[in-house]
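Visitor: For the record, the sequence lines run as chains D and H.
Residues 1 to 1103, numbered by full-length UniProt numbering, are exactly what the first sequence covers, in order.
Residues 1 to 151, numbered by full-length UniProt numbering, are exactly what the second sequence covers, in order.
What the hints contain is simulated information worked out from the structure, not anything from laboratory work.
The reader is advised that the hints may include incorrect statements.
In silico SDA-like pairs for lysine to any residue, Cα to Cα no more than 20 Å straight-line [claimed, not checked]:
#1 H:Lys-93 to D:Glu-880
#2 D:Lys-656 to D:Asn-619
#3 H:Lys-93 to D:Ser-897
#4 D:Lys-885 to H:Pro-67
#5 D:Lys-945 to D:Gln-980
#6 D:Lys-945 to H:Ile-9
#7 H:Lys-92 to D:Arg-896
#8 H:Lys-10 to D:Thr-940
#9 D:Lys-867 to H:Ala-98
#10 H:Lys-6 to D:Thr-853
#11 D:Lys-898 to H:Asn-94
Counterexamples of contact, computed for chain H against chain D with all Cβ distances above 12 Å [said to hold, decoys possible]:
#12 Ile-8
#13 Met-64
#14 Asn-94
#15 Ser-107
#16 Gln-109
#17 Glu-124
#18 Lys-145
Chain D is faced by these chain H residues, among others (derived, beta-carbon under 8 Å) [stated by the list, open to error]:
#19 Gln-3
#20 Pro-5
#21 Lys-6
#22 Arg-7
#23 Lys-10
#24 Ser-12
#25 Pro-21
#26 Asp-61
#27 Pro-63
#28 Val-65
#29 Pro-97
Predicted, not measured: the structure shown is a model, and the values here were computed from it.
C-beta: ideal position from N, C-alpha, C; glycine also.
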Amino acid sequence: MASDQPKRPRFFDDRLEQLDPDEDSPKKVKLFVSDLASDEESPSREDLHSDDEFVLFQSEISSIVTNISETAIMRLYDKVKGHSNILESALNLFYDQPETFTETDESKRKDLKEIRTIESKINNLANQRFTEKQKEKYKYIGTLVCDGWCSRPRVQKIQYGSRLNISTPPKSSPAKTSKKKASASLVRLTIPDTSNQNYQREVGRLPENIAKTISPLIEMGIGKFEVTVIFTDQRTIRMGDSFLIQLDCFIKDSAFTSPDSEHCLTSDERKDVLKKGAKELDTEVLMRKKQKSLFDLFQLLGLKELTEHNKLEGENSEPVNLDSGSDNEDEKAPKSSTADHLDLNQLNQFYKSAQLSHEKVHLPDTTPNKTAFSLDLRTYQKQGLSWMLRREASYSLIGNPEGSQDARLVNSFKDHDLNKLHPLWKAYKWPEDRSWSNVKLSENSHDSSFSSSKEFYYNIYSGNFSFTKPLLKNASKGGILADEMGLGKTITSLSLILTSSEDTELANESNIPNDYAYKTTLIIVPMSLLSQWEQEFDRCNADSQKRCFIYYGNETLGDMKQLLCNSKDPPVVVLSTYGTIQNEWARGHKVTDGNLLNEGLFSVKFFRIILDEGHSIRNRSTKTSRSIFDLKASRRWVLTGTPIVNRLDDLYSLVKFLRLEPWDNISIWKHFITIPFETRKNLDQSLEVLSAILEPIILRRTKNQKDEFGNPLVVLPSKEVVIDRLKFNEKELTLYNWFRYRAETTFKESLFKGTVLQSYSDILTHILRLRQICCSIKLVGNLFKDSFMEDDNFTLDQKLILTQSDESVEVLASFEKKMEEEKLGPDEIISIKEGIYKLYPSFEDTECAICTTSPISIEDCMITECKHCFCIGCLMEHFEFQQRKQENEVLCPNCRSKISKLRLFKTHLVEDSERGYSVTLFHPYGSSSKINALLRHLKTIHETKEHVVVISQFSSFLDLIQAELSKYKKEFKVMKFDGQLSLSERQVVLKEFNDNPENGGINVLLLSLKAGGVGLNLTNASRAFMMDPWWSPSVEAQAIDRLHRIGQSKNVNVVRFIMEGSIEEKMLKVQERKKQLGEAVGDDEERRQRRIEEIKLLFNDDE
Amino acid sequence: MSQLPKRIIKESQRLISDPVPGITAVPHEDNLRYFQVTIQGPKESPYQDGLFKLELYLPDDYPMVAPKVRFLTKIYHPNIDRLGRICLDVLKKNWSPALQIRTILLSIQALLSAPNPDDPLSNEVAEHWKRDEQDAIATAKEYTKLYATEQ
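Chain D extracted, bound-state conformation (with noise of 0.2 Å):
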């Protein structure tokens, strides 16, 4: 084998011929200094003057090549500096044309003998050099166990412990670093010649993924790895033969720097770089890469972050779980293709993370002083005001004046948030050294004189180490308050206000600036909640002393550096409106071009600002949200029941807001939050560090939350719901089962012919006309026809479907025909009314014989043809009991003459005329059979007095019941809440609803299932009616919550209409269906595949 060496086949030596500027030599020479070593030296050497790189070159090349002339050396000098291994590329040039270099005669050419002896000095030096870098320069960080794949065949055995070297190609010039190139990493495995130990052989490779993770590090001279082969099977091996190695990774001590030296981009530079077309600075593709690979390389090596819990546990088990490095991340990239919306499984894990960690904290009540607040808190209340007194670090105000044992807590509390980690950075616990070296060769060469301190602190924007615990400084004051709807956020964040009311961090100094108004905190609120702001306020407020200022309309802009900071007492509380601020930040761009105004809100700094439902800022780019951000305070609040609407970013704005250091950089949060989500590459790394970003600052519960005794935060009122199931009149049944009976074809027919998908749409108009006659027979038809044409919602065919009356009007009329034949004559009718008019000269003294109510209302009383009078909805009932009977003759209850739904008299009160009333004949299936219902219903409630909210998903079938109940108004007083209600018409009708009205009557609140929107109370209501089931369980459930919610004193009762044997039954076991499988799982293309198995439901009869 040593005979071949001087004609080995080039293609060995790739390396050198990129190294080697005239490449022709045959006799080229490899040499064993590794890149490793290479990389150490090129530094120290570009540090010397060149005369003394010379002088350097000049004692080291003679040492090695005894008999160099000076002038070889200097002309080989001439050629190799500015190489940046001058040692190597010399001897390379040498001894490839030894005769250029050498004046003398041939005698002078060293043979073969003698060039390996002096390469083997030169690697002896170059080994002794990178050896003493090693002890002192690297630390263990892990081991790795992993494959390597034969590139070469080889005959030999690879013994057991074998060491091997690891390289990488050289990139020969940055303008080659194609982008393939680069993306395809190689690292090598080579092994010394056994006949030639200064030889090496490549043998194989690494996995790609790993190579991909360290080459960068071994070619930034971050890491150092030291391979060992542990396991071979084969005798020889031949390519694609793998073999068991071992891996210790190293990291090299100067990556460990101070963290104060630490180069982040500020967003400045970052605009600068923007403004010059740059993509992305190079240091900052270099800081990316490094970055990547060093988390690639920790998961790999299975390093876990030491967190406050596992802190604890860490000491004594070993964090570093070997097993666990490999690559599962293909496993967690998520299936969801939806955008850059969070499902909602993820936002409730989301919610989780953010809840659970707060209840491991135990935090102290505080109860604020009598003297500044005078509401009673709930105990969640009081550990929230805690909580935000905390997040302002306003430790004194803590726990209870007389409670002393919270005082260690606070202290806790104190040292625990001065102590606090720089968020971009993580701590690691060194790792035991395992490394093949250590353990077998027990060389114990790396560096353990650091083992004394436990960790070691990792930057994940930039990828630097630190040995010291890198602190978080400036940090902001202030948090997101998130706690569920109707918990009472208001409440605590005024006890905050009331119990800090101003900066006493300021009061002792003198100079106070001038435009700090240290005495008052901003509200911003949405209009519609101004004034019940201040209601509250004054509600809370116990000191007469603290006013509450109103700063909208008219009252806006004025020197309110006069007002707030010169003034000896100042108000406690300015409340303003986004819109005016937003107006007002306009007004001062455009008058000062840029400068903002020397008057109103944004001439001073506020002591703190709390906006409430401060997702209204959730969109960084709009007026409002940008003038927020330029409102100038020293502690700032987000008061929100949803800080994520529907995506990542809507959390950007709030932190923006709260100037939450560094993640109020945008290109940090690009960097660490949207990209890797919405890459979906990273999507459990991304959400992780949104819930480490976020956990200190946000505190959230729920209603259903336990306390630490396992009670509910929240005790409310029970809650019953029940299904009454009603039947169709003959009318409607006919209509239905035609609809049904065109429903069911198509669906069929669609279903034979795999096209369901494609018809999913009409098959649902189909549902939704189904749905509409189980409310009511006048949503079908003509009577909506217009509507339904102008709403671009539909398609043509769905319209088509929605409008096809005609022919239900056909299917209607043999039915009208029936009727006709029991209908009452023009006559008969005549002569029953006179009867009537002479029987009844007034109301006075009618009783129902049914629900002997006495006497019976004008709006309410119904006449049969024996003239006998009772309550329209008892003989209704009545008739239903009978028919249910199947009595083929119902019978008056009074006289036992036959009586017919059709041969009825209504009567109608006649304000003007003698009589009073007047009896017109009645049609029985003129109102649907739900309104019916309804109005059974309420006429019990209005016994009891209790206010109500009828529900409904149709506007148009809240508009029908509107009508119907507007003929009771003595009873009823009707109110509609819909979407079409512009901001204040809503507050009026929510005034008016919470009103108890004067003549004792109850009220009735029209609510459409979608208009339910923020902030919605209706407490003053303990009754509910669905009209008809949604698809979803959980937006019924949020709509019953509008009532069911703290403030709720009675006992809440629902009434669900359902039409027995209709769709809507079915829809019920879809809801069942959706409640056990979750709703939001799974991507598109399941969802589709569910909704058809539903659409099977419903129409499947077998049940």
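On the provided structure of chain D, position chain H as indicated by the hints.
Guide: Okay, now just chain H, sitting in the frame of chain D:
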């Protein structure tokens, strides 16, 4: 238990404030739909001087359906069986929601005055009545003395 309809409350009040002669009906404390009823045997009937206990229950659908009434005291009557069940048209087919507890109890009282062996519930008693009315009346009197008079 759903809320008590106004009609039931009204009827109960009137039964107490304006009782029917010879009849008492008192709602039970725990269940206002359950009444403890007594009917005095009508004069010139085999049940004279007897005090008959009955129970009356108003189902949820009352007054759309009739109340359920049953004799608790043993009685010898062709339209009342051994379990105290009563065969009376207004309690069954001829029920009308315009009828009330009061009217039903009056009808039962009337039934005691005028047994109707042609529409019997208890065949044995009815046959006895048809076969030998005097003897049947004697048995009825005996029963009344035995079970419906306090001694």
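Visitor: Does the no-contact call for Glu-124 of chain H survive, Cβ to all of chain D over 12 Å?
Guide: Given a closest Cβ separation of 31 Å, the condition holds.
Visitor: Would the hint on Lys-10 of chain H stand, with a C-beta cut-off of 8 Å toward chain D?
Guide: 5 Å, holds
Visitor: For Lys-6 of chain H and Thr-853 of chain D, compute the direct alpha-carbon distance and say whether it is at most 20 Å.
Guide: Since the Cα atoms of Lys-6 of chain H and Thr-853 of chain D sit roughly 8 Å apart, the hinted pair holds (cutoff 20 Å).
Visitor: Quickly compare the C-alpha distance for Lys-945 of chain D and Ile-9 of chain H to 20 Å and report which way the hint goes.
Guide: 18 Å, holds
Visitor: Holds or violated: Arg-7 of chain H as interface residue toward chain D, Cβ cutoff 8 Å?
Guide: 4 Å, holds
Visitor: Are Asp-61 of chain H and chain D close enough, Cβ to Cβ, to be under 8 Å, as the hint says?
Guide: 7 Å, holds
Visitor: Is the interface hint satisfied for Lys-6 of chain H? The criterion is a beta-carbon contact with chain D at less than 8 Å.
Guide: With Cβ-Cβ at 7 Å, under 8 Å, it holds.
Visitor: Holds or violated: Ser-12 of chain H as interface residue toward chain D, Cβ cutoff 8 Å?
Guide: Violated, about 11 Å.
Visitor: Assess, step by step, whether the Cα of Lys-867 of chain D is no farther than 20 Å from the Cα of Ala-98 of chain H, and give holds or violated.
Guide: 14 Å, holds
Visitor: Sort out whether Thr-940 of chain D lies within 20 Å of Lys-10 of chain H, counting only the CA atoms.
Guide: Cα-Cα ~15 Å, so holds.
Visitor: Are Lys-656 of chain D and Asn-619 of chain D close enough, with their CA atoms no more than 20 Å apart?
Guide: Measuring from Cα to Cα gives roughly 11 Å; hence the hint holds.
Visitor: Does Val-65 of chain H pass the interface check with chain D, least Cβ-Cβ distance below 8 Å?
Guide: Result: holds, 7 Å to nearest chain D Cβ.
Comparing the model with each numbered hint stated earlier shows that hints 5, 12, 13, 14, 24, 25 do not hold.
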